[in-house]
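Protein chains in written order, with UniProt numbering: chain A, 1 to 559; chain B, 1 to 559.
Any given hint could be a false lead.
Intra- or inter-copy, both count: the list cannot distinguish identical chains.
Simulated pairs of lysine-lysine, DSBU-like, Cα-Cα distance not exceeding 35 Å [what the hints assert, rightly or not]:
1) LYS321 to LYS438
2) LYS463 to LYS518
3) LYS224 to LYS386
4) LYS518 to LYS190
5) LYS438 to LYS342
Everything labelled a hint here was simulated from the structure, so no lab data went into it. If you're wondering where the values come from, they're calculated on a predicted model, not measured in any experiment.
Protein chains: 2
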Amino acid sequence: MSKKISSDKLSIFALGGVGEIGKNMYVVQYANDIVVVDAGLKFPEEDMLGIDIVIPDISYLTENRDKVRGILLTHGHEDHIGGLPYVLKHLNVPVYGTKLTLGLVENKLREANLLGETKRILIHADSEVELGSTMKATFFRTNHSIPDSVGICIETPEGNVVHTGDFKFDHTPVNDQYADLQRMAEIGSKGVLALLSDSTNAEKPGFTPSERSVGIVLEDIFRKAEQRVVIATFASNVHRIQQVINAAESSGRKVTVIGRSMVNVVSIAAELGYLHIPDGMLIEPEEVNKMAADRVVVLCTGSQGEPMSALTRMARSTHRKVDILPGDTVIIAATPVPGNEKYVGRTIDELFRLGADVIYSGSNSGVHVSGHGSQEELKLMLNLMKPQFFIPIHGEYRMQRRHALLAESVGVDPDNIFITDIGEIVEIQNGSARKAGKVTAGNVLIDGLGVGDVGNIVLRDRKLLSQDGILVVVVTLSKQSGAIVSGPDIISRGFVYVRESEGLLDEANRIVSSTLQKLMSENVNEWASLKTSVKDALGRFLYEQTRRRPMILPIIMEV
Amino acid sequence: MSKKISSDKLSIFALGGVGEIGKNMYVVQYANDIVVVDAGLKFPEEDMLGIDIVIPDISYLTENRDKVRGILLTHGHEDHIGGLPYVLKHLNVPVYGTKLTLGLVENKLREANLLGETKRILIHADSEVELGSTMKATFFRTNHSIPDSVGICIETPEGNVVHTGDFKFDHTPVNDQYADLQRMAEIGSKGVLALLSDSTNAEKPGFTPSERSVGIVLEDIFRKAEQRVVIATFASNVHRIQQVINAAESSGRKVTVIGRSMVNVVSIAAELGYLHIPDGMLIEPEEVNKMAADRVVVLCTGSQGEPMSALTRMARSTHRKVDILPGDTVIIAATPVPGNEKYVGRTIDELFRLGADVIYSGSNSGVHVSGHGSQEELKLMLNLMKPQFFIPIHGEYRMQRRHALLAESVGVDPDNIFITDIGEIVEIQNGSARKAGKVTAGNVLIDGLGVGDVGNIVLRDRKLLSQDGILVVVVTLSKQSGAIVSGPDIISRGFVYVRESEGLLDEANRIVSSTLQKLMSENVNEWASLKTSVKDALGRFLYEQTRRRPMILPIIMEV
Numbered sequence: 001m002s003k004k005i006s007s008d009k010l011s012i013f014a015l016g017g018v019g020e021i022g023k024n025m026y027v028v029q030y031a032n033d034i035v036v037v038d039a040g041l042k043f044p045e046e047d048m049l050g051i052d053i054v055i056p057d058i059s060y061l062t063e064n065r066d067k068v069r070g071i072l073l074t075h076g077h078e079d080h081i082g083g084l085p086y087v088l089k090h091l092n093v094p095v096y097g098t099k100l101t102l103g104l105v106e107n108k109l110r111e112a113n114l115l116g117e118t119k120r121i122l123i124h125a126d127s128e129v130e131l132g133s134t135m136k137a138t139f140f141r142t143n144h145s146i147p148d149s150v151g152i153c154i155e156t157p158e159g160n161v162v163h164t165g166d167f168k169f170d171h172t173p174v175n176d177q178y179a180d181l182q183r184m185a186e187i188g189s190k191g192v193l194a195l196l197s198d199s200t201n202a203e204k205p206g207f208t209p210s211e212r213s214v215g216i217v218l219e220d221i222f223r224k225a226e227q228r229v230v231i232a233t234f235a236s237n238v239h240r241i242q243q244v245i246n247a248a249e250s251s252g253r254k255v256t257v258i259g260r261s262m263v264n265v266v267s268i269a270a271e272l273g274y275l276h277i278p279d280g281m282l283i284e285p286e287e288v289n290k291m292a293a294d295r296v297v298v299l300c301t302g303s304q305g306e307p308m309s310a311l312t313r314m315a316r317s318t319h320r321k322v323d324i325l326p327g328d329t330v331i332i333a334a335t336p337v338p339g340n341e342k343y344v345g346r347t348i349d350e351l352f353r354l355g356a357d358v359i360y361s362g363s364n365s366g367v368h369v370s371g372h373g374s375q376e377e378l379k380l381m382l383n384l385m386k387p388q389f390f391i392p393i394h395g396e397y398r399m400q401r402r403h404a405l406l407a408e409s410v411g412v413d414p415d416n417i418f419i420t421d422i423g424e425i426v427e428i429q430n431g432s433a434r435k436a437g438k439v440t441a442g443n444v445l446i447d448g449l450g451v452g453d454v455g456n457i458v459l460r461d462r463k464l465l466s467q468d469g470i471l472v473v474v475v476t477l478s479k480q481s482g483a484i485v486s487g488p489d490i491i492s493r494g495f496v497y498v499r500e501s502e503g504l505l506d507e508a509n510r511i512v513s514s515t516l517q518k519l520m521s522e523n524v525n526e527w528a529s530l531k532t533s534v535k536d537a538l539g540r541f542l543y544e545q546t547r548r549r550p551m552i553l554p555i556i557m558e559v
Numbered sequence: 001m002s003k004k005i006s007s008d009k010l011s012i013f014a015l016g017g018v019g020e021i022g023k024n025m026y027v028v029q030y031a032n033d034i035v036v037v038d039a040g041l042k043f044p045e046e047d048m049l050g051i052d053i054v055i056p057d058i059s060y061l062t063e064n065r066d067k068v069r070g071i072l073l074t075h076g077h078e079d080h081i082g083g084l085p086y087v088l089k090h091l092n093v094p095v096y097g098t099k100l101t102l103g104l105v106e107n108k109l110r111e112a113n114l115l116g117e118t119k120r121i122l123i124h125a126d127s128e129v130e131l132g133s134t135m136k137a138t139f140f141r142t143n144h145s146i147p148d149s150v151g152i153c154i155e156t157p158e159g160n161v162v163h164t165g166d167f168k169f170d171h172t173p174v175n176d177q178y179a180d181l182q183r184m185a186e187i188g189s190k191g192v193l194a195l196l197s198d199s200t201n202a203e204k205p206g207f208t209p210s211e212r213s214v215g216i217v218l219e220d221i222f223r224k225a226e227q228r229v230v231i232a233t234f235a236s237n238v239h240r241i242q243q244v245i246n247a248a249e250s251s252g253r254k255v256t257v258i259g260r261s262m263v264n265v266v267s268i269a270a271e272l273g274y275l276h277i278p279d280g281m282l283i284e285p286e287e288v289n290k291m292a293a294d295r296v297v298v299l300c301t302g303s304q305g306e307p308m309s310a311l312t313r314m315a316r317s318t319h320r321k322v323d324i325l326p327g328d329t330v331i332i333a334a335t336p337v338p339g340n341e342k343y344v345g346r347t348i349d350e351l352f353r354l355g356a357d358v359i360y361s362g363s364n365s366g367v368h369v370s371g372h373g374s375q376e377e378l379k380l381m382l383n384l385m386k387p388q389f390f391i392p393i394h395g396e397y398r399m400q401r402r403h404a405l406l407a408e409s410v411g412v413d414p415d416n417i418f419i420t421d422i423g424e425i426v427e428i429q430n431g432s433a434r435k436a437g438k439v440t441a442g443n444v445l446i447d448g449l450g451v452g453d454v455g456n457i458v459l460r461d462r463k464l465l466s467q468d469g470i471l472v473v474v475v476t477l478s479k480q481s482g483a484i485v486s487g488p489d490i491i492s493r494g495f496v497y498v499r500e501s502e503g504l505l506d507e508a509n510r511i512v513s514s515t516l517q518k519l520m521s522e523n524v525n526e527w528a529s530l531k532t533s534v535k536d537a538l539g540r541f542l543y544e545q546t547r548r549r550p551m552i553l554p555i556i557m558e559v
């Protein structure tokens, strides 16, 4: 490859998806053209109290809005498309995706009233997309736990940048959509300047099993089950859903679909031809109780033990339409996402208590396989692409690092491997690459409608409130004499149960009174000092008595 | 109210440790004699906001305090002895334990000022303990992840009740304290009426590897490491600590011990002869930086990613004495307890970012083995004891259930297996057993010093506060005219960042004013109605605008 001499540079960076699992968003810029790959969301960490979702900070994109040529989507998972409604509100650019991906996106945009104003462009595996005057994108089909997933090859004046999207190599895919090995090899033989590749399973040795292996297990379970089969899985896993339908058909059962996102995906995927459902196969939830137990499959949400999901409600006997009965077989066809282990465990326990036979992934049952390739598949991708530069993406730092070691092991020069943080730019010019500073990047926390800033102060207060609650101390002072006219009244929430702690609160009252009286007698009457003194005295007393530190909010009024 | 237990029957129940991992406490009662096995604590669930620890509700024991003959301890882990300081405060009974167990207990009681008033009785593997007029206990040595662990055989007029404690079968134990298979077989051949056995690993097929396998891996790592070795493990795992010392010795390194509980255990175990430390092996943390990097081992706490622990501080570069340097080898010799995966993952990432080589259990590295027996060992115990009745303990419901299936598989009559909840009594009389009601049982939540009740209302408030914060609305009304004299003032904490949301709060102010004025003009002036109306109107407005539901606390004063 000949070295180009140019004053323009190629910049590659992530706004989300590196050093974390979730909110994937990657940016490729050459001269005045910016291309964005994916726009995902992330679920909040445990210290982000009250937050619903987290999306990437897109300041860099809004500040350069005239340069952004579009958002290319690799597939329809929430961590790749879930941020779109928020991003498109601030950045009206075209969105490119395959049929199923756009189908799921459109549903989302409709709910956010953004469908009309968003330009959506359908791509196929052989599409070519012009991106401004300097770049062009082509695509290649991959295997993943949702159909219609693609990798992207972005052709730039510096060379080709390949983004794998999420992938595994499934040699016996459920939908017969084979990964396009030939196209990948062709891209590789033409020369790949930089490869960005999925690091999710970089810690896992070997190969990830084929999705089809789950189908075989399901058929066996469906056939042997003497009563109803209830199966929970990720709503977006259309291949899994297809296999549930197939297993139901071959065991003479009907399927009912329960849970908002599951109903959504099934209808979109069926309508677009990604799910093949025999006539008469689907029944309404209301019909379940009228049918023989061994003729029924309940396909539902809740594989992560989410508190409001269908399976969790069934496990707690609070679902309006389906009760779990002794002898039912319940399959949880998913692995708990880190952080959800306890919720899933609780659901399993509750189902067992109801007398169900529960089959879950912890028990080596074969009812789930990952959608991400393991080490041997990551090496295969590296060897197909033979990149000059390698940027491991889509993973926590330890996974990126492991992926970097894999790249080294197949011959990538360690100096050509860049493990980046969000915002960190890899700049490539004339065939040489280096880290070149940072763009603004971070978490935007969405709570409810996202009105008003939920920043560090708000989160710190929520944390404090959640630990030991709050005491509001109300006192009215006389303007003239400075004497206490009414109060102090102490109102506690989340601190102690008042009826059991009257003595404590009485004493707290006395401490507030005497603190204020002492200050008045010394002619200290700035409110700030009064409030600080009350907070300090009361805080000290409560800590001594209880070893707790509730938030204290003094309200001092004058009449 | 507790159910009365008739005097001629044997009753067995758990006050903690079934349907959960933690706060182990089991009760065996015959006539007027009550024996308690263990008194553990549990760490709070994620919905127990602000709670420090959880202990069993011991109402049944305090109501029957004159019958309680003592607390027998199986071993020195927190989930078996951590509740003692709280229990002994309300129930002054003798405590029986092996040397190391009592050593750890004494340390605890000293801190709680209970050492003087607590009768502590040292037991050996061949001790016999009279418990009231009807029962007697003998002991048998087991293997577990702490030395001096025992199982207990309680002889009662109905027959022998065996409690295994926590156990595995380690045929090559680190301390040469072999499990006493002969004694177990002898107990079995004399006849076991009821067996209570550890279900922790009932879901795991096969055998748990020997602790010694970890030692071999550690020696190899210590020898190959070119710089310092930092190793975090459970402080109580004295075998593991011994192996760290051995590996340090054979690789020519010195060891420094960091972290309060680690320093504690090392000094107690060494003093009592459970840890053999060559002279000059231990160095002070201050000496670490003066020594050649390949001569040092740092043994520390933090294997669970606990926020304030030694390893976490090192990973964040906030430890006062030890910095992690590029090229250091860090070993996390533990599996994350469910719920801690994210914390451990974060610590690993931070260590990698500092340039350390991190070895952890997720990577199949052999640096940790469980202290609990897997399925084959559980079957071995069942076959040694050949119990008539079987009660799986020490586990979540799904583990108890799996353990029950294992018992069935080795020939225990399914009708003789009792999966119980806390408080649920298994009553045995004349050789036949049945479930016979419940005694009071539950969680006692300890927050700080445990002053005042932290019950459901307090937890519910903390949950609400943690989600969307609180708004305090202060208004002063005129006693005569009912007009607003001052306010409304709205103070928010944990809701929105005020400076960015002035418009929202201004509008909220207007809504409170107009709500109050309207009510006054209609002559509604009961405070309760005023407050409720303010709460409703403001809550509705805020939900419409933000989709959040902060707690609203109206404070209305009259002058």
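Within, between, both or neither: LYS438, LYS342 at alpha-carbon 35 Å: between (37 Å within a copy, 27 Å between copies)
With identical chains, the pair LYS321 and LYS438 could be close in the same copy or across copies; at 35 Å between alpha carbons, which is it: within, between, both, or neither? Between copies, since 32 Å is at most 35 Å while 53 Å is not.
When no copy is specified for LYS224 and LYS386, does a C-alpha distance of 35 Å or less occur within a copy, between copies, both, or neither? between (48 Å within a copy, 32 Å between copies)
Within, between, both or neither: LYS463, LYS518 at alpha-carbon 35 Å: within (33 Å within a copy, 37 Å between copies)
If the cut is 35 Å between Cα atoms, do LYS518 and LYS190 qualify within a copy, between copies, both or neither? neither (84 Å within a copy, 76 Å between copies)
The structure is inconsistent with hint 4 alone, although it conforms to all the rest.
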